[in-house]
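2 protein chains.
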Amino acid sequence: MKLEFKKDALLNGINIVSKAIPSRTTMSILECILIDADASEIKLTGNDMELGIETKVEGSVLERGKIALEAKLFYEIIRKLPDGDTPVVITSDNRFNTVIECENAVFNIQGRDGEEFSYLPYIERNQHISLTQFTLKEAIRQTIFSISPNDSNKMMAGELLEVKDDFLKVVSLDGHRISIRNIQLKEHYDNHKVIVPGKTLSEISKILTGDNEKEVLIYFSKNHILFEFDDTVVVSRLIDGEYFKIDHMLSSDYETRVKLNKRDFMDNIDRAMILIRDSDRKPIIMNVEDNNVNMKVKSAFGSMNANVPAHKSGKDIMIAFNPKFLLDALRVIDDEDVELYMMNPKSPCFIKDEEGTYIYLILPVNFINEA
Amino acid sequence: MKLEFKKDALLNGINIVSKAIPSRTTMSILECILIDADASEIKLTGNDMELGIETKVEGSVLERGKIALEAKLFYEIIRKLPDGDTPVVITSDNRFNTVIECENAVFNIQGRDGEEFSYLPYIERNQHISLTQFTLKEAIRQTIFSISPNDSNKMMAGELLEVKDDFLKVVSLDGHRISIRNIQLKEHYDNHKVIVPGKTLSEISKILTGDNEKEVLIYFSKNHILFEFDDTVVVSRLIDGEYFKIDHMLSSDYETRVKLNKRDFMDNIDRAMILIRDSDRKPIIMNVEDNNVNMKVKSAFGSMNANVPAHKSGKDIMIAFNPKFLLDALRVIDDEDVELYMMNPKSPCFIKDEEGTYIYLILPVNFINEA
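Chain order of the listed sequences is A and B.
Here this note's numbering = 1-based position in the first sequence + 108.
Here this note's numbering = 1-based position in the second sequence + 108.
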């Protein structure tokens, strides 16, 4: 095999497929990136058996072939080659000895037989939806924080992707909160309901450029989901099972509705958290009155008290939250003001916009002993 | 006590004195910053008993007093207060309850009696030298990497500062290499020879702005060194004992002198290091010929070979080094080209400029089994 690349194009390709290289594995072939130049084009593949990524890289095939190279070493070598126009030449012989050359630097490393490498599962590409890279990247960012990857309930390690007519709903939850994003699609599609591993979504969002002009096609099969964008294909296993029924937890009833400046609200939660350690789980207590939300926290380190101007309608309420949960949701909301809907100090609080493009449900905590 | 500050000025002061707050200590008062407003000015102090830093902070003394506040908490609270023109007001009562207020946020924390705090040792300020902040910061950066803080020989955890007439010499060494910076001073001074803890120097270099127009005054006493710059005073204990005699290790004889482009040389060492893990200690082997230095490394991960154009005078030589030691020295040299002086494969290599402003001595390593 003999291939010629521009450094930047190759490095970009390695970066993309490296997202599917497991950090720990007992199968050393999974730590490799496959370079497949058996045909006229060059493809790189990384595959940890749950998540597989394949991307085309521009380059010249001077001699066809394939080889698997240890991903980290391959990445480091290419990264540190001279910048500039001199091409990177990769040659491997029939004993998988691989030579990587650029300008006056020559590396010799031992590759492995490309045949040992596990190809991505074959997915039939008939049922798909389409959305922009920007929209998908945003939807992941706005929900991924409330999965619970280490929970005994494997469903919580994933997110629900539900296609219904011309809407895509993305849901994550961890037992204390629920995050929902509703996305209007351009067309009506067949209905689908799948649970995608959180790891898949967070790795994809790192690869997506977030371009508003570029499309992502998403294909569904029984056990897999496939994302196609730019020159890249991402295939992931789905999480098996029935996702939580959340509709009965959502309610549009409320007794108190309060509108706050998001920045001001966040800054004061952030301040309160200075006094809280994960171990002591002190809540932030909010006292919602007509034109003001008073926030306070008290811990072994001291106390904080802050007032945030607000517009309230409905009843006054005193309610307490884990401040981190509030902050996680507020951080991903792009609006200048946010609205909170509350029923009573023991019922969930909803942070949502009027159009329902996002809904964050957060369970309050007990504060009898704190007040 | 009641004081009023601008947030930025206070935060800057806390930042400076925090460099003397120990990360672990059994004496909890050392984790505090002293705010001393007993007189008309406000001083902050941090002191870990080896290193003490005191800085003046602009602010209004509405009511005199002093208080010690836990450094990390104090820093976090001030950092997260609203930016802008609203002053930060700090009030403490006679039970050391401390209130920190800014705009609509109010913190209550428990302070401690300022009297418990250890003041900096008194140093008589008569014998001093003067140099620019820039020069001192650079001299530290260019030598600090070759101290050996964890060595059983405590001298290796410090640097020699030697004043002789109108020269300051700064030296560090770790048994494998020596770094020397010679600095021309503007005046003749009394001679001094002290060993300053590396930690003191690295913390000072973080505080120094590196301004070429601003001076640092350095005062010497029997057991301490004092640095005075801007509104800050840093006092450090000295390391007791006689520093290594290095003059007999320095020699201007050489058999081979080779000049290389520093960037090119560094880049190839950097590449070679991809294949080396700390544990296997593989050397980089340099073969110095008339117009070329060939560099190679071989490890369990593969091999690298690179050629760097060079100007050589004297004999050809093959010599091997720990690549990290070469890289550490090259990184801090600001010249475009560097010159290496070598005697034979078992004698130290010198990297130095013609004026002797810097000298890096590096011991070669054995490469019989590697070539």
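No wet-lab data here; the hints were simulated from the structure.
Some hints here could point you the wrong way.
Same chains, same names: a pair is fine if it fits in one copy or spans any two.
Said to hold, decoys possible - Subject to a maximum C-alpha distance of 25 Å in a straight line, what follows is the list of computed DSS-like cross-link-like pairs (lysine-lysine):
#, residue 1, residue 2
1, K272, K432
2, K460, K301
3, K110, K406
4, K127, K370
5, K301, K115
6, K180, K353
7, K330, K423
8, K406, K314
9, K301, K432
Hints, verified against the model:
no.	hint	verdict
1	K272 to K432	neither (32 Å within a copy, 59 Å between copies)
2	K460 to K301	within (23 Å within a copy, 68 Å between copies)
3	K110 to K406	between (66 Å within a copy, 23 Å between copies)
4	K127 to K370	neither (34 Å within a copy, 35 Å between copies)
5	K301 to K115	neither (41 Å within a copy, 52 Å between copies)
6	K180 to K353	neither (42 Å within a copy, 44 Å between copies)
7	K330 to K423	neither (48 Å within a copy, 72 Å between copies)
8	K406 to K314	neither (38 Å within a copy, 35 Å between copies)
9	K301 to K432	neither (30 Å within a copy, 54 Å between copies)
Consistency note: the structure conflicts with the earlier hints numbered 1, 4, 5, 6, 7, 8 and 9.
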